[in-house]
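**Q** Keeping their order, the protein sequence lines are chains R and W.
Note that numbering that gives the first Met the number 0 has the first sequence beginning at 0, numbered continuously upward.
Note that numbering that gives the first Met the number 0 has the second sequence beginning at 0, numbered continuously upward.
I should point out that these hints are in silico values taken from the structure, not numbers from a laboratory.
Idealized CB from N, CA, C, for every residue including glycine.
No false leads were slipped in.
Only part of the chain W face toward chain R is listed, based on derived beta-carbon distances under 7 Å:
1. L166
2. L176
3. F192
4. L222
5. A400
6. I401
7. A417
8. M454
Sample of chain W residues lacking proximity to chain R, with all beta carbon distances greater than 10 Å (derived):
9. Q15
10. N82
11. G106
12. V159
13. L376
14. L383
15. R467
16. L480
Each chain, letter by letter, is given below.
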Amino acid sequence: MSSQDGNAATASPLLGLLRRKNVLAGLFFIGVAVFGLWLSRNYSIGTATRMGTGYVPRLLLWLLLVLGGGVLVQGLRAAREDMFPQPGGILRFWPLVAVTLAMVAFGLALERLGLVIAVALLLGIGSLAERNLRLWETVAATVLLILLSWLIFILGLGLAIPLWPVW
Amino acid sequence: MELLDNLYIGLGVALQPMNLLFALIGCLIGTLIGVLPGIGPIATIAMLLPLTFHVEPTAGLIMLAGIFYGAQYGGSTTAILVNLPGETSSVVTCIDGHQMARQGRAGAALAIAALGSFFAGTVATMVIVLFAPPLAKIGASFGAPEYFSLMVLGLIAAVVLAHGSVLKAIAMIVLGLLLGLVGTDGNSGGTRFTFGINELTDGLDFAVMAIGVFGLGEIISNLMQPSAERSVLTQKITSLWPTRDDFRRAWPAVLRGTALGSILGILPGGGAALSSFAAYVLEKKVSKTPSQFGKGAVEGVAGPESANNAGAQTSFIPMLTLGLPGNAVMALMIGAMTIHGIQPGPQVMTERPALFWGMIASMWVGNLMLVIINLPLIGVWVQLLKLPYRFLYLCILLFCAIGVYTISNSASAVMIAAFFGVFGYMFARLECEPAPMVLGFVLGPLMEENLRKAMTVSSGDPMIFFQRPISLVLLILATVLLIIVAMPNIRSKREEAFQEG
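Please put together the full structure from these sequences, using the hints given.
**A** Written out as structure tokens, the structure reads:
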């Protein structure tokens, strides 16, 4: 990708703040803490002597909330800060999307479509993450790795994974 | 002599053909991933955890340990020949090691690194033999409050010695502690944070999370970066034998590196990477000719390489004796033990002496293997460096995917791993170190249990942690560490130490 990671000034100052690593990290921790506190709203707390399900988790979530706030403040107060690279569209995050999709496809396919198709899907989608994709090399690698995984996992370790689709 | 008896038991176990084979496999895999940049011991051990289900626990743990210290050997090869750190612990080896290679002395640099590492490994094994039993004895006398405070100290120390923002690292620990609590609460029977996913009622699986964060996260981060040029040094390695002068200058550095690494390895948060950085700084300080550093000073290879191997090995001490992981690899080792139904802690040594001493003895055996397989095989490892990442990552991806599935034969585990892969990438991008999170994850359930026990004993009075002398001392130490790291001038020194080079 030719889009640069430079610290060019962003159009809106708010967006500029949001690109600071510590601001984002702080917001992440706060987000997790708030979400967790909401999830655990009905967990019994109990007493210090007889702690309920929610005692320790809620204690930790409040701590995380405070720490997240601290990180956020650090990010906002820093004069110059490490910037998160300019988004530059979904293309920048393509490897992230491809690898995640590949795993999901593998998970969905394995038990029904069998090892061969699942691995082909995993490596097929996964190889899209690489920018300079070479088709024949990828096909060759996929065939080789399917063979290897059959040898190691089904023949060698005797895992109960179907090789071909189960009807 | 009890000491010799223990070593005898250990060697008997380590020399069994099966265990020798697994030590060799571990050392080979360790060297391989050490040589290859872009994949480290944490991701590898996480990926291979599921495979150890199928073997005997001793053999499995011996193999995993071999991967860790084998990676320290392999990392130096890449650092010297390609000027790229194969591992973080060999970052400083690049500086002088590669310069030596450019002067046509690659063979000497590699030999010094390997021999220094072997010496350090031997000493570190002795350190473990000497210090493990007394530490385990102390650990065995601990009650719930002491254990809780010890874990607090361990987690704080891990933050202080790790690099990056302290506040973020503590937040990551808390996040890890929380993730460790996912699942059914053993005490009250209620479920927590399971989102109605069946898979999660037994808790979030350690290996699934680790493979996601370290394995997948690493692939994504690597693919996002423009690929770095790798220029493998093509000139032939003529002589592996260092000169007399090399030896004269290297051996004091090896001794200093070994001592420093052994000490730093034991500390929570210490281990290989920190040890090698510290050793480089030390060598530069004590040298009469510091100007030679960066221009191929043999001390700059000998010191850090000995230190990282010593540190890698002594970091097993708190894990084996107290069940306290000092770094992410040790957290994975604890995960491996738990998978096999071994509760890590001081009782391992008394209840499973064969496993305990076998593992320790295998480290020395493994170090010997590494010297033997490494020096003659350097040519082979260098060839492997030509393997392009676009092929390598497909192999890693496949291993992650099948590995995760085999943990519990469940497709939802694959999804959960994919989810954590996204987090792993995000942590790398936001400079949130995932290692403290893993430590927190491992310790979360233990801390809750000990906190509960302690509070039941004291009928809800938190003062119990301050009334027990050992617990009080541990907590004071933790506080002192936190205060020290919060002081601005020390903080900048700490940054400096990590950026040396």
